[in-house]
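Student: The residues making up each chain are set out below.
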Amino acid sequence: MSRRFREGTNPMKLSLRSRFFACAFLVLGMLACDVRLASALPTGKVIAIPAFARKYGLPCSACHTAWPELNNFGQVFRDNGYQLMNDRDSPIWQNPSYFPIAFRITPNWHRETADHQVIDSIPGGGGGSVPIDGKVIQSGFDLSGMDLWSAGTIYKNISFVLLPSSDPTAVWHFESAFIRFDNLAGSRWLNLKFGRFELDNIISEKRFLFLTNNGGLYQIYHFNVPGSLNNFGYGDNQIGVEIAGHSINSYERYSIAVLSSNEGGVNFTTDVVPGAPPAGRSYDVNLAYTQGFNAPGFSESGIGVQRIQPFAYIGRRPTYNETTGGAALVGEGNKPFYRIGVQGIFTFKNLEIDPLFMHGYDNAYLGTATPSNSGALPAGSQGPTFNGGFLEAHYYFNPQNVVMARYEQINVGKQALPSAVTGLPGNYGNVKAYSVAYRWYPIMFSRAGLAVHAEYSITKSIGIVPESGDGTGGPPLLPTDGVWSSSTFLGFDFAF
Amino acid sequence: MTLKKFAVTFALGSIALLAAGSVEAQDVHINAAPVGSPSVESGESHIGDITGHAENGKKLYRRFCVGCHGVDGNGQGENAQWINPQPRDFTDAIFKCRSTPTGTLPTDQDLYDAVTRGFVTTNMPQWRPLTPYQRADLVAFIKTWSPRWAKEKAGTPITIPPETPVTIDSILRGRAEFQKLECWKCHGPQGHGDGPSAATLTDSKDQPIRPYNFSTGTRFMCGETNRDLYRIFMTGLDGSPMPSFADVVKPDEGWDLVHFLRTMQPLKTEEKRLWIDYAKAHQNDIKPIGPDAAAGAQ
Chain A
3 MSRRFREGTN PMKLSLRSRF FACAFLVLGM LACDVRLASA LPTGKVIAIP
53 AFARKYGLPC SACHTAWPEL NNFGQVFRDN GYQLMNDRDS PIWQNPSYFP
103 IAFRITPNWH RETADHQVID SIPGGGGGSV PIDGKVIQSG FDLSGMDLWS
153 AGTIYKNISF VLLPSSDPTA VWHFESAFIR FDNLAGSRWL NLKFGRFELD
203 NIISEKRFLF LTNNGGLYQI YHFNVPGSLN NFGYGDNQIG VEIAGHSINS
253 YERYSIAVLS SNEGGVNFTT DVVPGAPPAG RSYDVNLAYT QGFNAPGFSE
303 SGIGVQRIQP FAYIGRRPTY NETTGGAALV GEGNKPFYRI GVQGIFTFKN
353 LEIDPLFMHG YDNAYLGTAT PSNSGALPAG SQGPTFNGGF LEAHYYFNPQ
403 NVVMARYEQI NVGKQALPSA VTGLPGNYGN VKAYSVAYRW YPIMFSRAGL
453 AVHAEYSITK SIGIVPESGD GTGGPPLLPT DGVWSSSTFL GFDFAF
Chain B
-7 MTLKKFAVTF ALGSIALLAA GSVEAQDVHI NAAPVGSPSV ESGESHIGDI
43 TGHAENGKKL YRRFCVGCHG VDGNGQGENA QWINPQPRDF TDAIFKCRST
93 PTGTLPTDQD LYDAVTRGFV TTNMPQWRPL TPYQRADLVA FIKTWSPRWA
143 KEKAGTPITI PPETPVTIDS ILRGRAEFQK LECWKCHGPQ GHGDGPSAAT
193 LTDSKDQPIR PYNFSTGTRF MCGETNRDLY RIFMTGLDGS PMPSFADVVK
243 PDEGWDLVHF LRTMQPLKTE EKRLWIDYAK AHQNDIKPIG PDAAAGAQ
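Sequence order for the protein chains is A and B. Heads up: take any position in the first sequence, counting from 1, add 2, and you land on my numbering. If you count the second sequence from 1, position 180 lands on 172 in my numbering, and the numbers rise without skipping.
It is worth saying that the hints were derived from the structure and are not from the lab. In this text, all values refer to a predicted model and were calculated from it rather than measured experimentally. Any given hint might turn out to be false.
Said to hold, decoys possible - Derived DSSO-like pairs (lysine-lysine); straight-line CA-CA distance at most 30 Å:
hint, chain 1, residue 1, chain 2, residue 2
1, B, Lys197, B, Lys177
2, B, Lys177, B, Lys272
3, B, Lys279, B, Lys264
4, B, Lys50, A, Lys351
5, A, Lys158, B, Lys260
6, B, Lys264, A, Lys158
Given the sequences, and given the hints that come with them, work out the whole structure.
Tutor: Laid out in structure tokens, this is it:
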């Protein structure tokens, strides 16, 4: 048997002590790398979306705590429609050779593991082969996807984003594409965005500091209770229209978005790539309000403003399709779901703490994957719920050195069907994840940028395929198995 | 993954990082302030109840300001070559926007307001998104760049009397002041910033500088209220050709000038409304502003 596919073993379960030492080594390794840099306060240059930095001549660190995460100044800039509001925002004031475009990609080496995977006992699956429990390991040099970022102003108070994005094989889609009419009626409280865009969440998965397959997403932003028809991901860009506004320093912000119930899909389907199932005809609503404040008695200037944001997403998804000849045409039988929660960004000197809590609910028809036109629900069925979130911490030695860590947990509150019916454990679908990372920006200026990125992330999911999708892509042999999936990553993240 | 593999992986990663670190990074060390300047350790600013600390401000300066104002605070950051007007040279301690008489140092509040407000039509943005503490820290650090801050005290803010009523008479008197003080030579007869001297103007760094164009601007570099406008020509904009008129303009005349200047702006103000009504009724009586007009022209 291949050493890579060891039967029935789970090295990550060796002991808590082993894992502790592994993580400690990682952190020490990062700090060792950083000591010379941090103690000497090397300076240099950080990148932002260089298209903006080039336009305004500001260093990337003006808008980013650490690229690409926004600080409050960057948030205000974004809320203003990528404008500084200095009466020089219209492109007519730019050098004609300026073009608002930036590229980003990350060549990297990474190692991925996933245990409790169903594999053939005989490679090739020939006669006598039986499914066994094993571990899948892969490693090597790789590329990330590529972002081709174009954003800015078409005219004063008319801004835009066009973001074609590819996977590592250069299959492209439109990650974002919208136009925004800013400061309508002369008020910063009235801005209209139209197109495909990110939901208004201050802890953005699109601008965060983790890159690995396991750590490069917030589990809670993509979680649905196993078995549900719901495909919603709070971290996914959606398509629709948004009314938003903000105070002059963005301490107070609001967003009301009306979105197609299709997970940001295009062409009346549920995805941005060809071949996706048809979407329904209903609409979702996202609500968010942000309140920033200076903590009372907080006389240290630190790195930013304290911010807190409650949010709610109310949507519907179809439970069956109108068909022709059996082929799906339009999603129908919409049933509701919601996600509510609160997130925050809190800073103390050079330390940033980002907590998020979310509660999710799906209608029982969605949860049990029961077409609503089929009659009664299965006996004992109920609307599944989950609770979860994460706690993320960043420490900025200086604008060019940041170390991060994150803990995530999601617990399924109610399974759609009771364990007595399904035979599944009560914690089926639960997730835990741990990530640590370090980014070093050896250069920092307003033209281009580079970050050296090291990260380790590990996820445990009970009975289901990890959100990262690593391994075989299927569930474990036993629904009680906790699948550990890990990512180790070293890459060079650059944009220009 | 075994612990051994894990260790090897990160040892290699660490080596790679260290190797990368050995590459000459493009440093932006904030250099020491000139001899005789207030020290970074002891520098403070006082904005109301807030005390800013230069030591904290140094970190913020590096994050937000260094690209334009430079590692030496002399306005020669790496972006300065692309910026017009040029970033402020803090080593001179000459500031345009002050509440204090010309030639004196500004107050901490003046610098704080400038950082907060930014400068319209320049690359200096509003820094309102920073916390008040952060802005106060930056002010404290800015003051470490010049020895003047150790030798001189900030000037005493000028007194701004209550605004006089906005009337057509006040506007007409202000118009006469505009002619008499030869404001039009730089700002142009219509306030378009195209007076006969406009093309020749330079600042204290011998950089070309354009007069303010009232016909397109709704805000001023040093504020947007009538009091801000009054303060601008009573204190002057040090480092620019805009002088202080405190010695030649009486307070009431200052408000008259404010009221007239407001008629030149693309704003729906009481001054504008009064002027338009007057101009319609007295179209043939209004003498043009400029070299051919008699002093005191209406």
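Student: Against this structure, judge whether each hint is valid.
Tutor: Structure-based check of each hint:
For a cut-off of 30 Å, the pair hint linking Lys197/B to Lys177/B stands: about 21 Å separates their Cα positions. Distance restraint check for Lys177/B and Lys272/B: the Cα-Cα separation of roughly 26 Å lies within the 30 Å cut-off, and the hinted pair is therefore satisfied. Only pairs whose Cα atoms come within 30 Å are accepted, and Lys279/B paired with Lys264/B is accepted, the gap being roughly 18 Å. A distance of roughly 14 Å separates the Cα atoms of Lys50/B and Lys351/A; the hinted pair therefore holds under the 30 Å criterion.
For the proposed pair Lys158/A and Lys260/B, the alpha carbon gap of about 20 Å is at most 30 Å, so the pair holds. A hinted pair counts as satisfied when its Cα atoms are at most 30 Å apart, and Lys264/B with Lys158/A qualifies at roughly 25 Å.
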